[in-house]
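Visitor: Given these sequences and hints, build the entire structure.
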Amino acid sequence: MANIEYDPERQLFHLHNDTFSYVIQVIRGYLVKRYCGPALDHFSGTAKLEDFSHAFNIQNDAAPYSLTTLPLEYSTLMGGDYRTPAYAVRNGHGQLIGNLKFDHYQILAGNESFNGTLPTARTPHGQTLIITMHDETQTLAVRLKYTIVGDLPVLLKQVEYRNLTDTTLTITHAASLQLDFDDHAYDLITLTGAHLNEAKVTRQPLTPGKKSIGSNYGASGPQGVPATILAAPATNEFAGEALGVTLLWSGNFNYTAQVDQFDNSRLVMGLNPELFAWQLKPGKPFVTPEAAVAYTNDGLNDLSRIFHRFFADHVMPLPRKNLIEYNTWETTYFDVSEAKILAEIPKAEELGVELLVIDDGWFKNRPNDAGQLGDWVPDPVKFPHGLRPVADAIHARGLAFGLWVEPEMISENSELYATHPDWAMQYVGQKPLRSRNQLILDLSQRIVQDHLITVLTNLVRDNHIDYLKWDYNRHFSQPGSPVLPPDQQGEVGYRYTRGLYRVLKTLRDTFPKLLIENCSSGGGRLDGGMIAYTDQTWTSDFTDPVYRMKIMNGFSLFFPLKIFVSHFTASPNLQDARLTPLHTRALLSLVGITGIE
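According to UniProt numbering, the sequence shown is numbered sequentially starting from 1.
Treat the hints with care, since some could be wrong.
What the hints assert, rightly or not - Restricting the straight-line Cα-Cα distance to at most 30 Å, the calculated cross-link-like pairs of lysine-lysine (BS3-like) are:
{"#": "1", "residue 1": "Lys48", "residue 2": "Lys33"}
{"#": "2", "residue 1": "Lys550", "residue 2": "Lys211"}
{"#": "3", "residue 1": "Lys513", "residue 2": "Lys364"}
Everything labelled a hint here was simulated from the structure, so no lab data went into it.
Small disclaimer: the values here were computed from a predicted structure and weren't measured.
Guide: Spelled out as structure tokens, the structure:
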């Protein structure tokens, strides 16, 4: 059972369950991390904080301590701490708001969500600590949220900003977590990659300086994944200390691991500041994505087990039966039709398939990837009777019916673009930059979100769809919105991702039995945010079964195998021409959710 204890004499908070403890102390008004590790019965506080004053120390009220060496919970630039900041907020004069000091705290039941449209872990039986901090001018209030997740050694962190003045503030850095350590004897384990080469695992020791991984692509990957591990150098799969962190977020992110001049280390993870600037209006809140911190001293295998339980039990939609799927993509590519699908139904039934999925090419004017994204109307030549008769024929044989969609995209030859060119993400007055012959819908606009909700609701309901493969095949360029004023263009990426979550959440609430598969040209958006709203994930477009095991092995550091979709495909493989025996292909397709192409 998770508990939070407060010692008023020492101003000390002890968050713990049977496996994990996290201790915070208020020192000279500053919030300081005192402990993170195996469960403690009692925090004695005998481990002395370093009393460190050097020749160039900024003189402030932290004395005899230095803010540049204290293991702080949440710090800013230019207030005495020169390490990577967790936050940076400018006032109406363009100047940085100073250090935050402890004001008050609350202990609440469960996990209070700061924002209903952001993914949050379910923790109905725990407690949440909320610590409110102010700067000395009473310009900014920041609330730090901490929740221990059930009996797991997992701590949730989230941050809310609130403007206390009558003028607008500008947030330029907004991290979800900061973790400081008084040494740097750790290896940093990261997941990076590319299309067809996702989730490459790299392990390297922390060294003086900074190491940053992030995305400004609009999606979380595949170039990086918002998840990383700090492990003791001797840690292996089955022994040793490791601490993992991840974000419940699917957009632009960054994390930085730093070793400072005194060989202390810091890890900061949150929104990527490169393209971000938020206008914080008077009295209005801004909320960061939720972050999860997991700890073990039993090796990387145990850390993965902890994350798998966390995502499966506390983040994913309620469990449902996985279906063996047959996807038509490698059978027909864009040349799909009613006749071809009807001919495939008895073959799928004979193979024991439970779900038949029509992939790309089913909608109007889509002979190739230059076709008409955005209208989502069945092609009258390929499907002269619409999709419903096909769905009925599939259901009549006892199979579920699935459909590929790419709702976030729009083609300039679509009827939607002809009617609403201002719904495309764009830099006003500049020539559009296309990728895969398509633009991106501006999901920062609520009217665009509402349109997608209506279109997808009608598509699912009218055609009795049981499953959607939700794809996302290009990254941001010109991330502007024609409806936001100039000083809010730095908000587009955050608003976009929050809008995506609103669309997905509405669909889930409307169709609780609908299966949704997450795809972004493979595993390009596999993260804790999409896991909250989807049931399974297409981990890579690379269907070679042997190489795919490497990709799934990387993702499995954090994410449960039960969500990975693994298809039995042709040999020679269509991507790398590898010849793989039938038995091997069949066996490896059983890892995760089995499918056939």
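Visitor: The structure should be examined with respect to each hint, and the outcome stated for every one.
Guide: Verification of the supplied hints:
1. Annotation: proposed proximity of Lys48 to Lys33 holds, straight-line Cα distance about 12 Å (limit 30 Å).
2. Straight-line distance between C-alpha atoms of Lys550 and Lys211 comes to about 24 Å, which keeps the hinted pair within the 30 Å bound.
3. In summary, the hint linking Lys513 to Lys364 is supported, as the alpha carbons are separated by about 28 Å, within the 30 Å threshold.
In summary, this structure violates none of the numbered hints.
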